[in-house]
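Protein chains: 2
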Amino acid sequence: MPDQPPGRVIIENLEPDVDSGRFPLARCVGDEIAWSVDLFADGHEHLAGEVVVKSPEGFVREYPLQSVGHGIDRYRSPEIKFEKVGTWTIDIHAWIDHFATWKDELLKKYEAEVPIGLELREGAAIAAQAQAKAVYNGDYESAAHIRSCKEALENETLPLAERVRTAEDPKLEELMRMFAPREPLSTLETPRKVRVDRERAVFGAWYELFPRSAAFEPGRHGTFRDVIRRLDQIEAMGFDIIYLPPIHPIGRKFRKGPNNSLEAGPNDPGSPWAIGSELGGHTAIHPELGTEEDFRDLVRETQARGMEIALDIAFQCAPDHPWVRDHPEWFRIRPDGSIRYAENPPKKYQDIHPLNFESADWRNLWNALRDVFLHWARQGVKVFRVDNPHTKPFPFWEWCLEEVRRDHPDVIFLSEAFTRPKLMKRLAKAGFTQSYTYFTWRNDKQGLTEYFTELTRTECREYLRPNLFANTPDILHAFLQDGGPAAFRIRAILAATLGATYGIYGPPYELCENVPVKHGSEEYLDSEKYEVRFWDRERPGNISGLIGHLNRIRKANPALHRNDSLAFHEVNAPELIAYSKMTADRNDRLLTVVNLDPHCTRAGMVTIPLTHFDLSAERDYAVRDLLTGDVYRWHGPTNYVELSPERTAHVFRIEE
Amino acid sequence: MPDQPPGRVIIENLEPDVDSGRFPLARCVGDEIAWSVDLFADGHEHLAGEVVVKSPEGFVREYPLQSVGHGIDRYRSPEIKFEKVGTWTIDIHAWIDHFATWKDELLKKYEAEVPIGLELREGAAIAAQAQAKAVYNGDYESAAHIRSCKEALENETLPLAERVRTAEDPKLEELMRMFAPREPLSTLETPRKVRVDRERAVFGAWYELFPRSAAFEPGRHGTFRDVIRRLDQIEAMGFDIIYLPPIHPIGRKFRKGPNNSLEAGPNDPGSPWAIGSELGGHTAIHPELGTEEDFRDLVRETQARGMEIALDIAFQCAPDHPWVRDHPEWFRIRPDGSIRYAENPPKKYQDIHPLNFESADWRNLWNALRDVFLHWARQGVKVFRVDNPHTKPFPFWEWCLEEVRRDHPDVIFLSEAFTRPKLMKRLAKAGFTQSYTYFTWRNDKQGLTEYFTELTRTECREYLRPNLFANTPDILHAFLQDGGPAAFRIRAILAATLGATYGIYGPPYELCENVPVKHGSEEYLDSEKYEVRFWDRERPGNISGLIGHLNRIRKANPALHRNDSLAFHEVNAPELIAYSKMTADRNDRLLTVVNLDPHCTRAGMVTIPLTHFDLSAERDYAVRDLLTGDVYRWHGPTNYVELSPERTAHVFRIEE
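Residue numbers (the working numbering), protein chains in the order written: chain A, 1 to 656; chain B, 1001 to 1656.
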């Protein structure tokens, strides 16, 4: 038997929800949620419910649930706005509304002209309870109003009609909703959580660059100071996040040479992901990049321009990482006493030791890894790109991200997991703010449509935020290799308009670098992963201008700041894709049409669902191409578009 | 940080399941379940899992999970058979399979001809752990085998090929599965439950009768002894459950007269649902029906014929019920001290007091209600039809049914809730064994198809077992009123073949009684609810013969003992409906075709999905009409059927 009389109202099928409350919903500051829920109880009494929202600081506010229709037992809250970063707690309260039940029955009986003297006394008794509650709450004004109603209800000297009118008093109804007894109260068996992140968690443009290639003259190892000198240029391209591959000392043992060769020459810099040397590990800085002070200056100068630095956190160790010496128990030790390196038999990665999360000393290992994030957060870094999180245990991430957020609720974690869908989704549920996606491998209309429909129309929209990188140091897709500069323009426009968050790895991207290490590979030739490169950023044919233009369009158009309005539209040409995003108030409606063929001009009729955009079938409307400024007068749902390799896309703003 | 190192394998999307484990799956003895589940872990190691099943007595057995295909992270258990009534507990265990991972890598390296000396020593180390576990478990034979393998693995004097062969030893693989370490182990966050009921919970034919109308001469109040004298006849009709409306003393105050009139005459017997008088309440017997001994004799005589008595438990009280006097706090007391009667304003039901589950004395009320079930269970009654459960709190039922089952796990509860779908489903989840349905109101092809597809093809099949009553004392549907005897035959055949459990209220049903109290009402004229009736059970035109025939067909054909194989088939005539049920081994395949039009002959082509029935498109097959014995030779998928009001249905057995 329960300890307390259990609530009679059943609460079921809350939406939105992630795995019956096992994981939080992910939202950003200013986002709104309207919950729907089934409420029903035994018997035929009226019921009432509300969503009870507790802010990260513990302030509580209630939002009433309204029936969405008689007899279907479904209720809906108003749009509830989340104004502050942090974890909010959500409960549902539901109860039998004895006052509403009483009033309903009273009025039916009054209409049927049956005696209601006893009923009026019953109503007065309910009011007396509410009056006591108001007094208890110190709300004497409300208590006085309830009391006067109560006295009118039970006053047999008053005309019946007047007593019934008292029952219908709207002010009384409002006060009864506040003060009438709700016991036994029903609540959620599992209270829900909403993790509210800052705006940048969902909307931002990322620019990845290797600081060691940032020097202004060929042959020199770039530094943080060089990056600082390049900030104006990156800002001019309109990026929000500057993401640096690992900045830590690079291991010497088994260091890789150019193009991932096994033998490094004495001057080869090695891979930044081979972390750690006698100079330090995950909290140290590679001396050739600069000092801690240089790094803090970079963080500060970046922030001064409205941008942020993102660091790459890769939990793996070069053989000369201090942890290998100080904590060999954090690795797998082989029978000969050696430490196991990474491998995918028969391939060997001898420059990398994976951590052993099954270590008996797992608690210290977990704490040390968390402390890496905390260290950099204290240096002002609030954005982390986490390398291969799917090769570390999910329970570790669930714990670690929460731990970091406790002190730094504004931290953003990007999950770099290119793996099976269920793992990517679970990492998002476990607390990663953003996720890399399969975008680079979705290059045709069907692939893009299906994938982005899944991301924006299924339950995963509640917890997984896609970050659309158009390339990475590991991924130069065949589409870019084969499609010339048009391919780079196409993919930049797709990334910037399909995804509220997207990124490129530059300068190779804006310079349209398209040579792979060999045919059939997605690796770059002479990859920066293994050597210092010098880039002529002003090289003719670069698309920095387009990228800057795209990022300005993104900033100016709130429709592009979220993904939930994404809708695909019909075009009767397989190479043309059309899709739109708009704000809830439809003040900003963007229609993008892209020619996915980088080689040929393609044309077709695009079908605009007029009602979707609140457009009239009778009147013309204007579409302004934000890329060119051209304005077209369109009429009706079907309109002609033609796009060439030179002019790969329209980003239309519908303006009427 | 967790107390223990958490398991690395993630367990998600278990199926079948009810509300993420909040409620048990409902199954019967002998039923099988094959679970599917997502399993995945960080990294690239092999993983393993099993379903751990604990019987009601606490015996544990494991069933291995097998991958359903590479890269999709989905696993499936074998069919797990439940052989005993009671609540079974289910967990999933999953772990990184270090031995399988090791073996896989070893063989790849061996094939690539890289050195594997260290690897073999690592394998020996894993074997050593397993050996220790086998010794700990006292399994010295296994330990010895593992030890000899271990020694071969690490024996550098043996040829490499032989050591690798040892790694591939199937017996070693089996023993490693049993004994190799599984820590850190992943388990379900919420262990699941399966409530296993006896066969009668899902398969049975119910016969409702008023014992007070069982007398053998008109004008006399029937008794339990009369019912005993009628058992042979009921048995001849093939029923399994004889369900009696409430058998308790009937209240005198505000007793209802014939046809629900407000004024009862001095000899009017009142409604059996107006429970309780000075002669007793829910544990007492109405004296005119007989004594407790008579009742026990009836229970015994029924059981001797392989049938059972079901009692109607209606938790409401006539004004003269002893609880009204002894426990006024269990009711709603009005301001004038009177006890509130049931009403649906402006309608009043003054012969009934509902219980007040919000009573401060709710604990004693709950216990008293549970004790009603326990009282009758001690008298040998193991089947209860619960009246209007949706007007009592759901948490009460969840507690009460579990309490009764603790002492009497073989008890069957039928939920008489004709209300909104969500409430009916929740009652089933809360523990009711069976549920009344909307069957009586589904009289056309679309309505029947949609409703039974929902019941048998959606998640509700996991917990809700339909009981298809063709009529009740409250429901004489217009279809029966207007369709003559053909309508009664149609609905009996539908009920008996669509539902593994079905029922009729007799003798009105088999006598084709079709006169309502007034036009537009579903109430019977001169309803037994308010008076004693005398029925001429041999009356010409009765369909007792058909019903007996149907029940014999049901018993002989295991396809009709479950609902999960129900499939609807195409007929190109809107009045004809065709559907089938078959056993998993396809040894029993029944195809039913019913003419839903009681007035006209209808014909059409029925489409048989041949592969569904494992039939060849090349060969003839035979369909034997179990109602007539006629055999038809059919060929191919499309065949002609013609059904008249005299011959309303075929119940074909497909025999080849």
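By construction, these hints were calculated from the structure, which means they are not laboratory data.
Any given hint might turn out to be false.
[Said to hold, decoys possible] Label pairs and their calculated CB-CB ranges: (1) Ala360(A) <-> Pro1078(B): 53 to 59 Å; (2) Arg647(A) <-> Gly1069(B): 51 to 57 Å; (3) Gly265(A) <-> Glu1015(B): 39 to 45 Å; (4) Pro1170(B) <-> Gln446(A): 33 to 39 Å; (5) Asn364(A) <-> Pro1078(B): 38 to 44 Å; (6) Glu1156(B) <-> Gln446(A): 32 to 38 Å; (7) Ser36(A) <-> Gly1337(B): 42 to 48 Å; (8) Glu111(A) <-> Ala1304(B): 56 to 62 Å.
[To be verified] Rough simulated footprint, nothing fancy, chain A against chain B, three-plus residues with beta-carbon under 8 Å: (9) 1003 to 1013; (10) 1018 to 1029; (11) 1485 to 1498; (12) 1506 to 1520; (13) 1569 to 1581; (14) 1636 to 1646.
[Said to hold, decoys possible] Okay, derived cross-link-like pairs now, BS3-like style, lysine-lysine, Cα gap no bigger than 30 Å in a straight line: (15) Lys54(A) <-> Lys425(A); (16) Lys1109(B) <-> Lys108(A); (17) Lys1084(B) <-> Lys1108(B); (18) Lys108(A) <-> Lys1193(B); (19) Lys1555(B) <-> Lys109(A); (20) Lys253(A) <-> Lys1425(B); (21) Lys425(A) <-> Lys193(A); (22) Lys1253(B) <-> Lys109(A); (23) Lys1555(B) <-> Lys422(A); (24) Lys445(A) <-> Lys425(A); (25) Lys1348(B) <-> Lys1422(B); (26) Lys253(A) <-> Lys1422(B); (27) Lys518(A) <-> Lys1518(B); (28) Lys84(A) <-> Lys347(A); (29) Lys348(A) <-> Lys1108(B); (30) Lys193(A) <-> Lys1555(B); (31) Lys445(A) <-> Lys555(A); (32) Lys1425(B) <-> Lys1555(B); (33) Lys348(A) <-> Lys1347(B); (34) Lys1108(B) <-> Lys347(A); (35) Lys193(A) <-> Lys1422(B).
It should be emphasised that the depicted structure is a prediction, and the values quoted were computed from it without experimental measurement.
All C-beta atoms, glycine included, are put in the ideal place defined by N, C-alpha and C.
Hints and how they fare:
1. Ala360(A) <-> Pro1078(B): 53 to 59 Å: Hint violated: Cβ distance 36 Å, outside 53 to 59 Å.
2. Arg647(A) <-> Gly1069(B): 51 to 57 Å: Once the Cβ atoms are compared, 45 Å apart, the range 51 to 57 Å for Gly1069(B) and Arg647(A) is violated.
3. Gly265(A) <-> Glu1015(B): 39 to 45 Å: For Gly265(A) and Glu1015(B) the Cβ distance comes to about 56 Å; the hint is violated.
4. Pro1170(B) <-> Gln446(A): 33 to 39 Å: violated (45 Å)
5. Asn364(A) <-> Pro1078(B): 38 to 44 Å: holds (42 Å)
6. Glu1156(B) <-> Gln446(A): 32 to 38 Å: Hint violated: Cβ distance 57 Å, outside 32 to 38 Å.
7. Ser36(A) <-> Gly1337(B): 42 to 48 Å: holds (44 Å)
8. Glu111(A) <-> Ala1304(B): 56 to 62 Å: Given about 58 Å between the Cβ atoms, the range holds.
9. 1003 to 1013: Holds: 6 residues of the region 1003 to 1013 of chain B have a Cβ under 8 Å from chain A.
10. 1018 to 1029: This one holds; 3 residues, not fewer than the three required, reach chain A with a Cβ under 8 Å.
11. 1485 to 1498: That given contact is violated, which follows from only 0 residues of the region 1485 to 1498 of chain B lying within Cβ reach (below 8 Å) of chain A.
12. 1506 to 1520: violated (count 0)
13. 1569 to 1581: violated (count 0)
14. 1636 to 1646: violated (count 0)
15. Lys54(A) <-> Lys425(A): holds (27 Å)
16. Lys1109(B) <-> Lys108(A): violated (84 Å)
17. Lys1084(B) <-> Lys1108(B): Violated, because 47 Å separates the two Cα atoms, which is more than 30 Å.
18. Lys108(A) <-> Lys1193(B): violated (46 Å)
19. Lys1555(B) <-> Lys109(A): Between Lys1555(B) and Lys109(A) the Cα gap is close to 53 Å, so the pair fails against 30 Å, i.e. violated.
20. Lys253(A) <-> Lys1425(B): Distance ~65 Å between Lys253(A) and Lys1425(B) Cα, so the pair is violated.
21. Lys425(A) <-> Lys193(A): holds (18 Å)
22. Lys1253(B) <-> Lys109(A): The hint holds at about 23 Å.
23. Lys1555(B) <-> Lys422(A): violated (46 Å)
24. Lys445(A) <-> Lys425(A): holds (23 Å)
25. Lys1348(B) <-> Lys1422(B): holds (27 Å)
26. Lys253(A) <-> Lys1422(B): At roughly 65 Å apart (the allowed maximum being 30 Å), Lys1422(B) and Lys253(A) break the hint.
27. Lys518(A) <-> Lys1518(B): violated (88 Å)
28. Lys84(A) <-> Lys347(A): violated (48 Å)
29. Lys348(A) <-> Lys1108(B): Distance ~12 Å between Lys348(A) and Lys1108(B) Cα, so the pair holds.
30. Lys193(A) <-> Lys1555(B): Outside the cut-off at roughly 53 Å; violated.
31. Lys445(A) <-> Lys555(A): Given pair Lys445(A), Lys555(A) holds - Cα atoms ~26 Å apart, limit 30 Å.
32. Lys1425(B) <-> Lys1555(B): holds (28 Å)
33. Lys348(A) <-> Lys1347(B): Not satisfied, since the Cα-Cα distance of roughly 83 Å exceeds 30 Å.
34. Lys1108(B) <-> Lys347(A): With a Cα-Cα distance of about 10 Å, the restraint between Lys1108(B) and Lys347(A) holds, given a limit of 30 Å.
35. Lys193(A) <-> Lys1422(B): Distance ~26 Å between Lys193(A) and Lys1422(B) Cα, so the pair holds.
In this structure, the earlier hints numbered 1, 2, 3, 4, 6, 11, 12, 13, 14, 16, 17, 18, 19, 20, 23, 26, 27, 28, 30, 33 are contradicted, and the remaining ones agree with it.
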